[in-house]
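Trainee: Sequence:
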Amino acid sequence: MILPATRLSASATSLALRGFNRTRCQRLILLHPPPMARSASASRTLSALSVATSTAPSPIYSEPSAPLEPWTDIPEPDLATLGQTTRLNLFSSINSALSTALETDPTAVLFGEDVAFGGVFRCSNELREKFGPDRVFNTPLSECGIVGFAAGYAAQGGAAVAEVQFADYIFPAMDQLVNEVAKFRYRSGGQWNVGGLTVRAPCGAVGHGGHYHSQSPEGYLAHTPGLVVVVPRGPRVAKGLLLRSIRCEDPVVFLEPKALYRAAVEDVPDADYEIPLGKAEVMRSGTDITLVGWGGQLRVLDKACERAATELGLSCELIDLRTILPWDVEAITQSVMKTGKLIVSHEAPVTCGFGAEVVATVQRECFFALEAPVERVCGYDTPFPLAFEKYYVPDELKLIEAMKRIMDNSG
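The number in the numbering used here is simply the position in the sequence shown, starting from 1, with 3 added.
Hints were generated in silico from the structure; no laboratory data involved.
C-beta atoms are modelled at their ideal positions from N, C-alpha and C, and glycine is treated no differently.
Among these hints, one or two may not hold up.
[Unchecked claim] Simulated crosslink set (BS3-like; lysine-lysine; CA at most 30 angstroms straight-line):
| # | residue 1 | residue 2 |
| --- | --- | --- |
| 1 | 186 | 133 |
| 2 | 401 | 306 |
| 3 | 401 | 341 |
| 4 | 393 | 407 |
| 5 | 393 | 341 |
| 6 | 306 | 393 |
| 7 | 306 | 407 |
[As the list claims (entries may be wrong)] Computed Cβ-Cβ distance ranges for the label pairs, DEER-style:
| # | residue 1 | residue 2 | range |
| --- | --- | --- | --- |
| 8 | 389 | 125 | 19 to 29 angstroms |
| 9 | 75 | 107 | 35 to 45 angstroms |
| 10 | 189 | 389 | 34 to 44 angstroms |
Using the sequences and the hints, build the whole thing.
Mentor: Quick look at the structure:
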């Protein structure tokens with residue numbers, strides 16, 4: 004939504020939630036006014052607003068004039084052609100993406116708990132020094148306030164990148180995400196949106212996080228139409244996915260596997276590039292079993308594929324979903340139609356985990372091609388345990404056992 008200058012002060016006041024600096028809110032909107040051409044739909048939005056304010060209100064919902072088109076995004080880039088690369092770990096790759104976003108979009112701001120100091124995982128290291136305190140700043144310890152502030156700023160046309168320090172603490176912000184952010188465009192009949200909003204949050208097991216610093220909430224978030232949910236597996240794809248998340252016209256929750264912040268190291272292009280959302284990637288081609296995962300679990304799945312090839316003589320096709328919502332149904336079903344067998348694996352508890360959605364869709368779309376019941380290798384239905392984390396997480400041994408079962412059942 005693009006507001007006239009006379010309403011900026013009032014808007015800043017409405018954004019100044021308890022604990023936030025009202026002067027900063029005013030400065031943010033005045034320093035970074037909503038760009039008139041931020042998106043291809045800006046002119047259409049202005050036209051719709053002028054009509055809406057000069058005529059009787061239109062109904063919130065009306066029947067679409069044509070069938071809804073399937074999700075489409077930008078083409079997949081050829082990373083090998085992007086020139087010079089630098090060897091980066093995951094947190095450095097995230098830092099590079101954030102720096103690029105702030106440099107290329109004058110409306111972009113980055114904020115969260117300890118973000119100005121570099122963040123607890125150093126993802127925003129030195130960005131405050133580079134872009135100034137009006138664009139990179141700390142917030143109070145209020146996840147609801149952080150996401151609410153981000154929604155208000157994005158509603159003005161800016162790019163808001165909010166950090167929730169641990170994904171486990173995204174739950175106090177669920178009211179803002181589910182009832183405000185996700186429904187903002189729908190409830191206005193397409194007149195307004197918060198598409199410039201991206202919420203970053205470290206997720207998953209880390210070896211010593213216990214039940215308050217180890218959870219994977221993608222299943223909760225994927226139950227919310229209007230959100231895009233992204234989980235990268237490593238530095239190279241993380242940079243491209245984060246830049247696309249910040250620049251796309253939908254609100255995105257970007258979950259970063261914190262165990263990989265320093266463990267995953269790859270050659271990352273120095274160039275500015277984007278990887279499409281809603282598009283899976285085949286990491287390893289195979290003919291016997293399809294394995295599907297996302298985020299940090301891909302490391303475990305890749306090791307299991309290597310072991311299965313050596314010990315069981317199996318050719319495994321490994322697919323990184325990359326985007327949880329919307330997810331690439333076509334890529335998964337095409338693979339299962341070829342292999343006839345499927346294993347889905349994730350760290351989150353098995354009951355109502357996102358793997359259940361993948362399984363339900365595959366059995367509907369590929370029922371007559373399936374040669375054995377689909378297997379899920381996931382976390383247990385317990386709070387995440389500190390002392391027993393190594394027993395809780397789905398490791399390569401559990402995956403090998405699932406492969407043995409699925410091959411036995413297909414005989």
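Trainee: Of all the hints given earlier, name the ones this structure violates by number, lowest first.
Mentor: Checked against the structure, the hints that fail are numbers 1, 5, 9, while the rest are satisfied.
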